[in-house]
Amino acid sequence: MVDQAHKPEETAVPNNLQQHHKQDEEQQQSVRENAEYEDEELHKLLVPDITQLPLTPPSSVESNFASYFAPDFMKPGNDQYVYRHPNGLCVVGLASTHSAFKDKGGVSAVDFNVGKSDRSGMKVTGKRKKASSFGNAQHFESNTALCKVCTNDDSYIIRCCVKGSLLEVNERLIKQPDLLNSSADREGYIAIIMPKPADWLKVKSSLLSLEDFKKSREAGSILPSHNSS
Amino acid sequence: MSNEVESAQVSDATEVTLLSSSAEIESHAGSCDEEMTLQLLKDAVQSLPHHVVKDLLSVGVCSRCVLRILGSEDRIYCHPLLPQSILRSILEEVAGFKSEGNFQLCSVCLGILQLSYCDDKETMVKMESPNDMASTIAELVKTEGHQIDGFSLEVSVPQLILENESSLLSGMKKINESELWFQERMLSKCVSVKDVLKFAITKPLETLLDVKSTSAGCFRIRLTYTHKRASDNSVERNQGFKRRRISTGNGLHNVYDKAVITSKVCSDYSTNETISVTGRSSNILQDQETFEHLRIPIDKVSEPCHLVYLCYRTHIYLCGRYLKYSRNVSQTRWIIDEERMGEASVEEIIGSNILPMCRGDNYKFHAAGREDIDVRMLGSGRPFLLEIQNSCQIPSEETIKEIESKINGLENKLVGVKKLKVVSSQGWTLMREGEAEKQKQYCALVWISRPLEDEDVQSISLLNDMQILQKTPIRVLHRRSPLERQKIIHWMKIERISGSPQYFLLHLCTQAGTYIKEFVHGDLGRTQPSIGSILGCRAEIMQLDVTDVKMDSF
Numbered sequence: 001m002v003d004q005a006h007k008p009e010e011t012a013v014p015n016n017l018q019q020h021h022k023q024d025e026e027q028q029q030s031v032r033e034n035a036e037y038e039d040e041e042l043h044k045l046l047v048p049d050i051t052q053l054p055l056t057p058p059s060s061v062e063s064n065f066a067s068y069f070a071p072d073f074m075k076p077g078n079d080q081y082v083y084r085h086p087n088g089l090c091v092v093g094l095a096s097t098h099s100a101f102k103d104k105g106g107v108s109a110v111d112f113n114v115g116k117s118d119r120s121g122m123k124v125t126g127k128r129k130k131a132s133s134f135g136n137a138q139h140f141e142s143n144t145a146l147c148k149v150c151t152n153d154d155s156y157i158i159r160c161c162v163k164g165s166l167l168e169v170n171e172r173l174i175k176q177p178d179l180l181n182s183s184a185d186r187e188g189y190i191a192i193i194m195p196k197p198a199d200w201l202k203v204k205s206s207l208l209s210l211e212d213f214k215k216s217r218e219a220g221s222i223l224p225s226h227n228s229s
Numbered sequence: 001m002s003n004e005v006e007s008a009q010v011s012d013a014t015e016v017t018l019l020s021s022s023a024e025i026e027s028h029a030g031s032c033d034e035e036m037t038l039q040l041l042k043d044a045v046q047s048l049p050h051h052v053v054k055d056l057l058s059v060g061v062c063s064r065c066v067l068r069i070l071g072s073e074d075r076i077y078c079h080p081l082l083p084q085s086i087l088r089s090i091l092e093e094v095a096g097f098k099s100e101g102n103f104q105l106c107s108v109c110l111g112i113l114q115l116s117y118c119d120d121k122e123t124m125v126k127m128e129s130p131n132d133m134a135s136t137i138a139e140l141v142k143t144e145g146h147q148i149d150g151f152s153l154e155v156s157v158p159q160l161i162l163e164n165e166s167s168l169l170s171g172m173k174k175i176n177e178s179e180l181w182f183q184e185r186m187l188s189k190c191v192s193v194k195d196v197l198k199f200a201i202t203k204p205l206e207t208l209l210d211v212k213s214t215s216a217g218c219f220r221i222r223l224t225y226t227h228k229r230a231s232d233n234s235v236e237r238n239q240g241f242k243r244r245r246i247s248t249g250n251g252l253h254n255v256y257d258k259a260v261i262t263s264k265v266c267s268d269y270s271t272n273e274t275i276s277v278t279g280r281s282s283n284i285l286q287d288q289e290t291f292e293h294l295r296i297p298i299d300k301v302s303e304p305c306h307l308v309y310l311c312y313r314t315h316i317y318l319c320g321r322y323l324k325y326s327r328n329v330s331q332t333r334w335i336i337d338e339e340r341m342g343e344a345s346v347e348e349i350i351g352s353n354i355l356p357m358c359r360g361d362n363y364k365f366h367a368a369g370r371e372d373i374d375v376r377m378l379g380s381g382r383p384f385l386l387e388i389q390n391s392c393q394i395p396s397e398e399t400i401k402e403i404e405s406k407i408n409g410l411e412n413k414l415v416g417v418k419k420l421k422v423v424s425s426q427g428w429t430l431m432r433e434g435e436a437e438k439q440k441q442y443c444a445l446v447w448i449s450r451p452l453e454d455e456d457v458q459s460i461s462l463l464n465d466m467q468i469l470q471k472t473p474i475r476v477l478h479r480r481s482p483l484e485r486q487k488i489i490h491w492m493k494i495e496r497i498s499g500s501p502q503y504f505l506l507h508l509c510t511q512a513g514t515y516i517k518e519f520v521h522g523d524l525g526r527t528q529p530s531i532g533s534i535l536g537c538r539a540e541i542m543q544l545d546v547t548d549v550k551m552d553s554f
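For the protein sequence lines, the chains are A and B, in the order given. Sequential numbering from 1 applies to the first sequence in my numbering. Sequential numbering from 1 applies to the second sequence in my numbering.
Extracted from the complex, chain B is given alone in its bound form (with noise of 0.2 Å):
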């Protein structure tokens, strides 16, 4: 059974676990006075074995891990107000052990449980009671000005301390087996260090923060701890997980960058150390079934782990429509050999805009299809997502509107936002099936070669789902497969523009994908038919502007 146990945990490994608010810990709420907790928590100890709490202490595992791997049901050693000095000194007293006299790191935890760690600044901090840790974080949400309803736990721990723990748990195993408490319980599941590590933060964070946590929030919390002993494993171990962070996609890089540095920063001094550390907890196994007492799992540790504390923002989403006024303005920032095409891109503008008011790291920009640069976007405007990264702030209703109108107000007027909201990451669901609608309707310039006759306008009019074909124009065709295409002119209006006969404004709405600028002028042939074949005589564009993307999720 033990085993089994053993198993779970390992395969738990320092994969980050999100922690939801858990109504366990409600019962322990701040409101409970210190006399009760303190009569809790003996109670808690008396329950346990003696010796074996004895024999715990004396290889040095800290209070707060012999009170977990011994499965105390309650878990009042949780509490966040409970300092470290007297969860031991009770610990102590019942069990009638004595320490010598110093602090000494936990030899299975590595001082993570009682509260101890290196900071960024290698200095050595040891906070008094898991409130006091929680304090420390909830000042760094509030230097970083993250404006937060809700945030998730992220806790990362390294492989060493499960090694610790399952020799440790093996060792008790072979002396206890027989013994009716440990069968008892060993079937209750040893409680992970990471699981009570959140457990002992998460209340009073709910409490300074002033909001609850979630499980899936978009605000996360992440404590790394890294050792310089780390193990082997851990390396392929932390691979796995970037792998698999990276694949769920959509996420935050340098997150991932920050944390895969210190895993790797710890990796990399441990390689050196990792094989004598793998050879000596299988040597132990070996030499706790020739001895009768516990043996300590691993050499005194002198070195507690390094914590980083990182709160970030996965991301926020903002949808709207664009729209585009300049004909030298490109929708994505276009650099060719440093040289920047057109004056500006749609992409910047809004994003410049947008990044300040949530205060984000950065911003990445989708939209749903795009216009060439001489092409504006007009009428509706063109459906567009914006990413924020690490954004602090969601913005509000009353943001988005200064937002807007800061946009719509820029002196030089190229480039407009309709519609624009915050939204979930369905946003990006959304977006991609409405590309699918695929009805786009366009406003063309166009002059033929010859004065415009009343049955044109007629004839035009009359054509309706026309099919044309269209050889990949020639002015894509350097990085275009050169393919057939089929498309449908949905259908067709000229509007005559007076005073000038051979000018007019072609209305029309087509399936998306058509070249419609090939569709006017027939690409030498190779689009048909087109306004000039249809016409039967030559037919240039002069300019074209898109006036709708249909699309009725945005």
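Extracted from the complex, chain A is given alone in its bound form (with noise of 0.2 Å):
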């Protein structure tokens, strides 16, 4: 009984042998086939219409990000924004509004060693441990000053706007500080602070949002002091 089921097995070997070659090579065929198709099909998926895409796109910072603007913060001029990330991290720089820009020559030097301590010394290490507090960074008021902008003429006291914990501070601008001449709100930010909530909703109310800033901004004569400075 048991011999007889093994018979048929053993001749339909070599014909099983024949079939499998042939499967090979058909599968080898199909599998270089199928990669093409795939490639294609990939390729497919990642040509966008352009149809759909718009002249000028929204920055990465208009679009990451909600803008504030603090107007004349603790003097006339000094025009500040905030920009805040979905995450609660605000970053602070100078409005394209501020007095310094209209000096002649624009910026000509940043200094962080302001208050009682150089802001650029101090390096924030480790990770967060409690809601929003990084293991040493830095606790500081919304008036707390940040940096020195200098032009030619003038100086003028950045701060900090937000209340929170100051993360980081750009020492870019230190050896750079064209940048705040050429894109103070990019790559001339001036610090990254992160506020507790409870803080932030505090200074939320206090500042403007894109649309008010630049309504009060066009109806200038509000704010006198602008224009004489």
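Derived DEER-like restraints, expressed as beta-carbon distance ranges:
#1 Thr399/B to Leu55/A: 48 to 58 Å
#2 Leu310/B to Glu38/A: 41 to 51 Å
#3 Asp372/B to Ala66/A: 17 to 27 Å
#4 Lys401/B to Glu38/A: 17 to 27 Å
#5 Ser405/B to Ala198/A: 44 to 54 Å
What the simulated footprint calls covered on chain A by chain B, stretch by stretch (three residues with Cβ under 8 Å from a Cβ of chain B suffice, anywhere in the stretch; the number is not a length):
#6 35-46
#7 84-90
#8 165-176
#9 181-195
By construction, these hints were calculated from the structure, which means they are not laboratory data. Each residue gets a CB set at the ideal place from its N, CA and C atoms; glycine is no exception.
Please dock the two separately framed chains into a single complex, following the hints provided.
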């Protein structure tokens, strides 16, 4: 009984082998075709429909942050921006309307050695331990000075605008103060601050939205000090 | 010598041991005909010292315990078809002992080897033969619909049994130490209650389930015996057991939980009695030094052990690669303040389609890295491992194909799968190793603030293995430590898009862990160089797709 069952299998082996060879070739062929097909399909997915693309897309700052402004912060003409990321972090810097840019030659130097310590000297290390406070980050008030921005004729104190932990200052500005003149809203940012959620809500109410800020600056007469400086 | 035996027994405690199919059982395989069995059994009993058998029977030790304690070499008393009553009568006949009528639970094994226990409805169950017990288990396996290719049997018994046993043994030692048979017998190790039980039911179970028992199979049948009169020790030991099982990792939490719960229940209402039990046994030890006759190690047992049957499969793994065609689907279930982010998740789509095919309890999804919700995973797909817990069925190749085409044919086309297959737990190691291989290929849709020149295409293609420095991106700086990380861009290629001078596709291959979005737009100059800084203009990333995750093992 057992022997009989085995015989047909044995005779079938050579045929099977031949079939296997054929199948292998066919398979390889189909693998190649399949790969080409897959590449084509992938490419179709990757190429965008250009009619759907805006001529000028929003910048990463525009799309990733909400913009707020602190006009005349502590002093007329000291317009600062606060870009807030959905994760709660705030990037602060000089708004394009800041008086410093109206001086001849624009910004010529940035000095982080203000207040009790050099703001660029301290490095924040370690992971966040408690909600909204980094290992050794310094906690600053909204009127704490971050740096001094100098022009040929004058100097301006730039402040936090937001109460919170100072995570980072833009050290590139020390060697390349010109970044402020060319792109104050991007590479020319001053610092990154992490406020506590409750503190942020308080600060937010004192800040202007981009739209309101634009309106206030267009109607410049409301703030006569701006023109006089 | 007998002391050593005892200590070995005690250290074995309530620990769950696995039984591999033993060759010894084979010799008594079902074919053994009834008369032969009875004859063998009679011979075995005859060879024992009759007065000791009588002594043991008189203190309420059950037939199987008598035979195992006296080290009956032939394990004929484990024969699956041997009825309880016949075993008893043979023993009584040989020893010339007459029991006082009613059935009595064994004072050592608490009825376990008499195949008596209390079920979850608190009714007393008394099985006639090991075969009956095996049938009950086989029934359960079939009712629960497990598809199995082997099983391992786990038995856990109360600590109390070992205490009973050791006090009985030391009592016997005191009385019989000088006798020759004792020295001979006690040299051979006394077989433990759970080994006898496993021994008795493994063979018929193999026959009934038509599979072999294996030592470390994924399908487990667990018999957990607990007794109200458990001791303090067992609580500690159970905790130790729990810890050990969890530390060995990737197992089944609900199974531990069940086991832990049962042990908890028994320990809870036993603590009051604990002290009295341990106190009593030590008294007995002292008593035995002064008395000539063997004493009952503990009071007569009025209640049998509580038995819980549990069938489970530790887990099975399926591996494969997934594709994500949507920019609104997260990799894992992502819910913030009860609000779902994205319309679905890869984890749920794949898991919910595979789980019912394996009829498991739950699934866990593990992937080799991840992409942002707004990034598609195309091309090769990303390797993943799906752990199915307590799966009743191991999917066949056909089922796997069926699952694949089911997921790939879903109407919404959010997610796809490739190369799906069942793997051993080694798949886990492979994926962890593969994660270290660290090369990822992407395609980004980039816009620059001026028209793209031919020189740009050229200069970009010439940059090979370029090092970049990335400060922790602002978008993750709230949770990742502020560091500057060095990454390598292996190569880049610009593909023009006809009809749009400022948009192009950037194909790039980078070291794993590179933040691509930041590499394109520069993250306020915090990633250097960036596409923007290289081309000397503003660069923005509109879309990103992962096109290849290199990992040979998947």
